[in-house]
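Engineer: Sequence:
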Amino acid sequence: MNLHRLSLSARIYLAFSILIVLMGGLLALCLVGSQTLTAAFADRSLVAQQTDEVRTRSEHLADARLAFSQYRVRPSSATEAPLREALARLPEEDVAVFIENVESIIALDTNLISQSEMVRAQNLTLMDQAEELVKGLSQLDGLSVAVTANGAAVQRGVLMLRIETEDLLSGEPGALDHAMTAHSETTKALNMLRYSIYGSPLDDLAKTILGELNLVLSELTTMAEIQQASAEFERSVAAADAALLQSYNSTLEQSAAEEARIEQQVGEQSGQITLLASLAGGLALIIGVIFSLLTARWLAKEIGAIAERMDRLSSGEFDLTIDNTERTDALGSIARALEVFGKNGQTLQASRQREQEEQREAQLAAQRWSTLKADLGYVVDAALDGDFSARLSNGYGSDDLDALARSVNALMETVAQGVQTNANVLANLAAARLDHRVEGEFRGVFQKLQNDTNALAESLSGTMEQLSDASQALRRATREILSGTDNLAERTHRQAGVLETTVRAVEHLASQLDETAELAHKAANSAKESAELAYNGNSAMSRLLQAMTDIRSSSDQISSITGMIEDIAFQTNLLALNASVEAARAGDAGKGFAVVAVEVRRLAQSAANASQDIKALTSKSSTVVAGGTKIAQEAAEVLSAIHTVVGRSSSEMEQIAASAQSQSQSIVSIAQSMREMDSDMHQNAALVEESHASIDQTRAQAEALDEIVTRFTQGEHDSQEEAA
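Per our numbering, the very first residue in the sequence shown carries number 22; after that it's consecutive.
It should be emphasised that the hints constitute simulated quantities derived from the structure, not laboratory data.
Model, not experiment: these values are computed from the prediction.
The beta carbon of each residue, even a glycine, is placed where N, CA and C say it ideally should be.
Any given hint could turn out to be false.
As the list claims (entries may be wrong) - Within a straight-line C-alpha distance of at most 16 Å, the following computed EDC-like cross-link-like pairs (lysine to aspartate or glutamate) qualify:
1) 209 - 224
2) 543 - 675
3) 549 - 675
4) 209 - 233
5) 228 - 130
6) 228 - 106
7) 394 - 423
8) 228 - 153
9) 156 - 73
10) 156 - 225
What the hints assert, rightly or not - Beta-carbon label-pair distances, calculated as ranges:
11) 188 - 282: 55 to 63 Å
12) 250 - 145: 37 to 45 Å
13) 177 - 222: 17 to 25 Å
Generate coordinates for the entire structure from the input sequences, incorporating the hints supplied.
Structural biologist: What follows is the structure, encoded as structure tokens:
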């Protein structure tokens with residue numbers, strides 16, 4: 022390709038095309054790199070989203086694990102509800118086994134709770150039945166020691182069965198075996214006891230106790246099986262929890278590794294894209310600079326030649342020869358244009374001669390116009406000075422200028438007539454002759470001036486009538502003001518005396534209020550001390566009430582101890598009875614032992630009687646203490662009410678004291694204000710005297726008012742003229 026044959030636009034287009042191609046390649050490279058980085062960031066966002074999801078699941082699993090631990094510590098509806106809420110937040114596809122095992126444990130625990138409540142109720146029933154059996158045995162005569170021992174064994178076995186039940190519920194190992202042992206021993210003792218009391222009413226009770234024992238053992242076995250199954254499910258829950266935790270941790274580690282890999286890949290790709298973009302940009306810059314320099318050099322050469330020819334044309338050389346007019350590019354167009362400029366320059370030189378002749382004719386017309394302008398300036402200056410009699414001549418050597426002169430003369434005549442007529446009316450108004458008006462027919466502005474002048478005269482006439490009425494009203498008002506000032510002076514002196522007396526009374530009231538505030542403060546302090554005493558009395562009554570409650574609790578404990586003593590005396594009486602039976606069987610050898618047994622029975626009976634006396638006394642003491650407690654409560658309530666009332670009274674006394682002090686300050690302020698009012702009264706008296714002098718100046722102010730009204734009317738008239 023021969024670049025010298027290319028036109029100016031072709032060269033510029035070629036340079037810009039190369040730059041655009043290079044920039045397009047750079048843009049394509051950036052787009053490819055951006056898409057690559059976008060894909061990498063999308064992968065990283067997906068991995069981050071998966072990581073967040075796994076972390077959320079792990080947190081929900083931790084919440085469920087914590088709620089499950091709290092539930093296992095104390096199974097109840099209060100701990101079950103948070104556990105179910107935590108389970109509801111877990112995704113079912115991951116933790117189905119975990120949720121199923123936990124639900125199984127909850128169902129087993131619910132069943133276990135109902136079973137435990139049933140067993141506890143049965144144990145209490147067994148305790149009552151065993152106690153009833155032992156008391157029934159004590160009332161029978163002729164029983165052997167073995168029968169009594171079997172009854173005591175049944176009672177102990179029932180107690181042990183109750184203890185083992187609680188141990189089984191608390192998870193004590195071996196509790197079921199111990200319960201079975203206690204059941205076996207109790208059943209054995211109960212069967213031996215039934216053999217001895219067969220046919221008596223107590224046999225039915227013993228049979229009932231035996232059935233209850235078997236039922237309790239069956240329930241305990243079922244509870245043990247439930248606990249074993251619950252433990253199996255708990256181990257399954259722990260295994261599922263560990264598996265889920267391991268799966269989540271593994272997923273998190275894989276996500277972290279994938280994020281690190283993607284970040285490394287993004288860094289490498291961004292570095293490569295930056296390097297390629299830098300190389301492509303540098304290459305485009307170098308090529309663009311080279312083409313720009315070549316194009317600029319060629320343009321400078323060609324445009325320099327064109328500029329040299331243009332300088333010669335501008336200096337007046339219109340006959341020079343222009344080269345390159347045959348070119349088809351922009352430079353050829355410029356050369357042809359310069360050739361046209363040369364021909365136009367030659368034509369321009371010919372036309373200048375014709376223009377010189379026309380200028381001479383224009384100078385003559387300008388002289389005529391200058392004469393008219395001077396005359397017109399004279400007429401206008403005269404009009405500006407107020408002389409509308411000046412006129413233009415009619416001989417300026419041109420029909421147009423003569424017609425203009427006649428029009429200006431007619432205008433001046435019309436203005437002179439309108440101004441003169443209005444001036445005559447205004448002069449009469451200035452001479453206080455308000456009956457003159459502008460007569461004649463006018464048009465346009467002069468008609469508006471006629472209407473405004475006549476309106477001014479009418480308005481001025483009405484204003485003068487109003488000023489006359491106002492002057493008469495002002496004189497009447499002046500007389501009334503003089504009479505009022507005299508009365509005001511007299512009242513001012515009388516009020517000054519009354520005000521001085523009031524000031525002395527207010528000062529005396531202020532001193533009395535100070536004494537009242539001091540007494541109110543003392544009363545408030547006394548009320549506060551009374552409130553403290555009432556509060557201390559209330560505290561003492563509260564302590565007394567607590568002491569009475571403790572005494573009542575101690576009485577209840579004494580009653581419980583005396584009941585235990587009665588039971589011991591009863592058991593001792595049974596033992597002494599058995600000892601008497603055995604001593605009778607021993608014959609003479611057992612007489613001494615029989616005497617001891619009798620004494621023991623007597624002591625046991627004495628202990629039982631003493632226990633009953635103590636129980637009666639404690640019951641009476643409890644009644645007395647209850648009465649005393651009620652009285653103490655009533656006294657405490659009364660003291661509390663007294664404390665409340667005294668506290669409220671103290672607060673009210675403080676408010677009264679504060680109010681009295683505030684009133685005292687207000688009274689002092691009032692006294693000060695009244696002193697200032699007394700001073701103002703004297704100043705008012707002086708002002709009344711000054712009012713006489715002020716009233717004398719009213720006539721001068723009325724004249725000033727007339728001038729203000731006159732100036733205002735003229736100003737309004739001027740503004741109307743300016744608006745017109």
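Engineer: A separate judgement is required for each hint: does it hold in the structure or not?
Structural biologist: Now for the hints, and whether the structure bears them out:
Between residue 209 and residue 224, the direct Cα distance comes to roughly 15 Å. Compliance with the 16 Å bound is thereby established for this hinted pair. Among the hinted pairs, residue 543 with residue 675 is consistent with the structure: their alpha-carbon atoms are about 9 Å apart, no more than 16 Å. Taking the CA atoms of residue 549 and residue 675, the gap is near 9 Å; set against the 16 Å cutoff, the hint holds. Restraint check: the Cα-Cα separation between residue 209 and residue 233 comes to about 14 Å, which is no more than 16 Å; the hinted pair holds.
Between residue 228 and residue 130, the direct Cα distance comes to roughly 32 Å. Violation of the 16 Å bound is thereby established for this hinted pair. Among the hinted pairs, residue 228 with residue 106 is inconsistent with the structure: their alpha-carbon atoms are about 49 Å apart, more than 16 Å. At roughly 12 Å between alpha-carbon atoms, residue 394 and residue 423 fall within 16 Å of each other, so this suggested pair holds. Our distance criterion of 16 Å between C-alpha atoms is met by residue 228 and residue 153, whose separation comes to about 13 Å.
For the given pair, residue 156 sits about 72 Å from residue 73 by alpha-carbon distance, which is inconsistent with the 16 Å threshold. A C-alpha spacing of about 15 Å is found between residue 156 and residue 225, which places the hinted pair at or below 16 Å, so the restraint holds. For the hinted restraint 55 to 63 Å between residue 188 and residue 282, the CB-CB distance of approximately 58 Å keeps it satisfied. In this structure the supplied range 37 to 45 Å is violated for residue 250 paired with residue 145, their Cβ-Cβ distance being about 27 Å.
Checked against the given bound of 17 to 25 Å, the beta carbons of residue 177 and residue 222, roughly 23 Å apart, stay inside it.
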